[in-house]
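Visitor: Since the structure of chain A is already known, use the hints to place chain B on it.
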Amino acid sequence: MTTANKSEQPLIEVRNLKQYFYINTGFFKSTPLKAVDDISFTIREGETLGLVGESGCGKTTAGRTILHLYKPTAGEIIYRGKSIRTPKDVEKFRTKATMVFQDPYSSLDPRMTVADIIGEPLDVHHMYKTQEERRQKILELMDHVGLNSEHAARYAHEFSGGQRQRVGIARSLAVDPDFIVCDEPVSALDVSIQAQVINMFDELQDQLGLTYLFIAHDLLVVRHISDRIAVMYLGRMVELADADEIYNRPLHPYTKALISAVPVPDPNVARANKRIALTGEIPSPLSAPSGCPFHTRCPYAKPICSESMPPFKEVEKDRFVACHRVEEINS
Amino acid sequence: MALLEVKNLKTSFFTDAGEVRAVNDVSFSLERGKILGIVGESGSGKSVTAYSIMQILAGTGRIVSGSIKLDGQELVGAGESVMKEVRGNRVSIIFQDPMTSLNPTYTIGQQLMEAILLHTDRDKKQSWDRAVEMLRLVNVNEPEKRMKQYPHEFSGGMRQRVMIAMALACEPDILIADEPTTALDVTIQAGILELMKDIQKQIGMAIIMITHDLGVVAQLCDEVIVMYAGGICEQGTAEEIFYNPCHEYTKGLLRSIPTADENGEKLQPISGTPIDLLNMPKGCPFAPRCDNAMKICMRERCEIMQINEKHMAACWMNVRKAVKGE
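Just so you know, the sequences run in chain order A and B. Going by this note's numbering, the letters in the first sequence line up with residues 1 to 331, in that order. Going by this note's numbering, the letters in the second sequence line up with residues 332 to 657, in that order.
This is chain A alone, in the form it adopts within the complex (with noise of 0.2 Å):
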């Protein structure tokens, strides 16, 4: 997709982003869990930032820490120019900014019928004046995200996955925000349901103007929604840029890992694709490693990445990398 058609304003800025979690070590003491450490980035109106990374580089943190589920440990968070502090604040963002989960099976409370799942949010921010006015935007809601009016008395259980991630969406439309995080809503439906829920994703947004950050960890997935996408490592950002850019090339080394190892659905490029390997794990988050996080298994590293930590800095128009030898290993 291109950016041509989307503004260039900046709907969401994060800004010095930190969220740590004091883990307990020992008696009376505790180590910080850098989940997220120190992230920038702005989103702009309209368009869909993905964010991609392995299990436990911070993509979900960084996520719920952006709606303030979590109370963020150091930074900012600007929305259309005013930063959140206080609590009214946040309560007045969360009728802008809201949420789609992972789990369709665990996020809907199953004691509850669709209609008070996705009336919830109305009822919780004092959306309406009478029954009738919440019961319209209810089904209108339902409406929006193809359900019939006949499943407003039903209950979670009684859906498919997919159909439950549409309740799911429906209630996160409910305050009529224009910002959604979607922590991977995609990964635990069914193939060929996948593209069912992806391409609401896209209607929607053509029709409310809506602005997403898109969380998923199938890197096809996220490039086919994507405008432009931000890779996250070990609780830091090394690089964000236009989503084919960054897939066709990439320019950190962590980037071009991730993207070689994606499988591609063709026998024949498939076997083509060269992997780049790498050697050892994940360094826990807990023990982070001095300078860049990733120069323990990258294999450019050189004395000056386990010193200092690289600046997240522009190196081309738009084209945002975290690494000392960018322009080395790229020329």
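If you are wondering where the hints come from, they were derived from the structure by calculation, not from laboratory data. Please read these numbers as outputs of a predicted model, since none were measured by experiment. Built from N, CA and C at the ideal position, the CB exists for glycine as well. Mixed in with the good hints there might be a few duds.
[Claimed, not checked] Straight-line C-alpha distance at most 25 Å; calculated DSS-like pairs for lysine-lysine: (1) A:LYS96 with A:LYS82; (2) A:LYS274 with B:LYS528; (3) A:LYS274 with B:LYS532; (4) B:LYS365 with A:LYS274; (5) A:LYS256 with B:LYS528.
[What the hints assert, rightly or not] Listed below are several chain B residues computed to face chain A (Cβ distance under 10 Å; list not exhaustive): (6) ALA389; (7) GLY390; (8) VAL517; (9) ILE519; (10) ALA521; (11) LEU545; (12) ALA549; (13) THR568; (14) ILE572; (15) PRO619; (16) ARG620; (17) GLU640; (18) LYS641.
[Claimed, not checked] Between beta-carbon pairs, the in silico distance windows are: (19) B:GLU411 with A:ALA272: 40 to 50 Å; (20) B:HIS483 with A:GLY26: 10 to 20 Å; (21) A:LYS129 with B:MET430: 26 to 36 Å; (22) A:ARG249 with B:MET430: 34 to 44 Å; (23) A:ARG85 with B:LYS476: 46 to 56 Å; (24) B:HIS483 with A:HIS126: 17 to 27 Å.
Guide: Same frame as chain A, but now just chain B:
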């Protein structure tokens, strides 16, 4: 003679809600040294097919009819003593979740040696050496030290390597891998798949790779079976299945996934919802979701038919094409 020959296999689960035909008339054969991929969605019967070969079905499940021949020896109805010989020794299986398929209370070494002691004449010392050798084969660093560690000290990718080592310790003829990389990250997955391919080349066993990921199949498999609702839709070489799909379900699947040469076009999803095995339609099980379904599709299930020497499919569209000379 084929190494493994499955003929008209039917496996059902007898539940309170009725008989669930999880595998419904499945036939295929596997040659020595080949990698066969079985793809399908959840509930398509791909795992149950594998469990039927191993005869490790859950309590309510039973092979209703059909034949499974390993090197000419019939396994259906062969009895537990024969199956004990087969399992682990001639056919091994690795499961999806490396976190739960190892016993947390035994060391990796004890678990690896158990299979070797049970199935070969090696004594304890020799079994230890063999286990270390296997760990080395699957690229586990410092295998002697790792032998004394417990599963929780291993990462997901490492545990899956241990599972592979365990499955291969007795040099089976067939390795069944049931979604072996689904729980792993993509860079780790790539490593495991490469490892499986390398070992397969070295040892020359056959692999049955069960997965829902068409990318994994494209990378690894020589031959592919596509399953839907307990039956085989289509089978053939990987090239045939990916470049010349002849069943509407396979075509739909390939259209609905994002590909490498992304062009910004919309995905074309398969409509409808996955099938309910308790309420199977009369005709082709895919007909209710098929955009090109004809009257006959609703009435009668299509037999699997030869498309060419490397390819078979069970779809009435092919008959129509042949009749109309399209």
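Visitor: Now tell me, hint by hint, if it's right for this structure.
Guide: Here's how the hints hold up against the structure:
Restraint check: the Cα-Cα separation between LYS96 (chain A) and LYS82 (chain A) comes to about 13 Å, which is no more than 25 Å; the hinted pair holds. With a CA separation close to 15 Å, the supplied pair LYS274 (chain A) and LYS528 (chain B) stays within the 25 Å bound. In summary, the hint linking LYS274 (chain A) to LYS532 (chain B) is supported, as the alpha carbons are separated by about 18 Å, within the 25 Å threshold. Simply put, LYS365 (chain B) and LYS274 (chain A) have alpha-carbon atoms about 22 Å apart, close enough for the 25 Å limit, and the pair holds.
Distance restraint check for LYS256 (chain A) and LYS528 (chain B): the Cα-Cα separation of roughly 22 Å lies within the 25 Å cut-off, and the hinted pair is therefore satisfied. Interface hint at ALA389 (chain B): violated, since its Cβ lies 21 Å from the closest Cβ of chain A, which is beyond the 10 Å cut-off. A hinted interface residue such as GLY390 (chain B) counts as satisfied when its beta carbon comes closer than 10 Å to some beta carbon of chain A; here the least separation is about 24 Å, so the hint is violated. Evaluation of the VAL517 (chain B) hint against chain A yields a held restraint, the C-beta minimum of about 5 Å falling below 10 Å.
Checking ILE519 (chain B) against chain A: minimum C-beta separation of about 8 Å stays under 10 Å; hint holds. With a cut of 10 Å, the hint placing ALA521 (chain B) at the interface with chain A holds, because the nearest CB-to-CB distance is about 4 Å. Because the beta carbon of LEU545 (chain B) sits about 4 Å from the nearest beta carbon in chain A, less than 10 Å, this interface hint is met. The interface hint given for ALA549 (chain B) is met, as the beta carbon of that residue sits about 4 Å from the closest beta carbon of chain A, less than 10 Å.
A hinted interface residue such as THR568 (chain B) counts as satisfied when its beta carbon comes closer than 10 Å to some beta carbon of chain A; here the least separation is about 9 Å, so the hint holds. About 9 Å separates the beta-carbon of ILE572 (chain B) from the nearest beta-carbon of chain A, less than 10 Å, and the hint is met. Among the interface hints, the one on PRO619 (chain B) is violated; its C-beta lies about 13 Å from the nearest C-beta in chain A, farther than the 10 Å criterion. A cut of 10 Å between beta carbons decides the hint on ARG620 (chain B): the least distance to chain A is about 8 Å, and the hint holds.
Look at GLU640 (chain B): its Cβ only gets to about 18 Å from chain A, farther than 10 Å, so that hint breaks. Taking 10 Å as the C-beta cut-off, the interface hint given for LYS641 (chain B) is violated, the closest approach to chain A being about 13 Å. Distance hint check: the CB atoms of GLU411 (chain B) and ALA272 (chain A) are about 47 Å apart, consistent with the given range 40 to 50 Å. Evaluation of the 10 to 20 Å hint for HIS483 (chain B) and GLY26 (chain A) yields a pass: the beta carbon distance comes to about 19 Å.
The supplied range of 26 to 36 Å is broken by LYS129 (chain A) and MET430 (chain B), whose beta-carbon atoms lie about 51 Å from each other. Taking the beta carbon of each, ARG249 (chain A) and MET430 (chain B) are about 36 Å apart, inside 34 to 44 Å as hinted. Under the hint 46 to 56 Å, the C-beta atoms of ARG85 (chain A) and LYS476 (chain B), about 51 Å apart, fit the expected range. Taken as a hint, the range 17 to 27 Å is violated for the pair HIS483 (chain B) and HIS126 (chain A), whose Cβ atoms sit roughly 48 Å apart.
In this structure, the earlier hints numbered 6, 7, 15, 17, 18, 21, 24 are contradicted, and the remaining ones agree with it.
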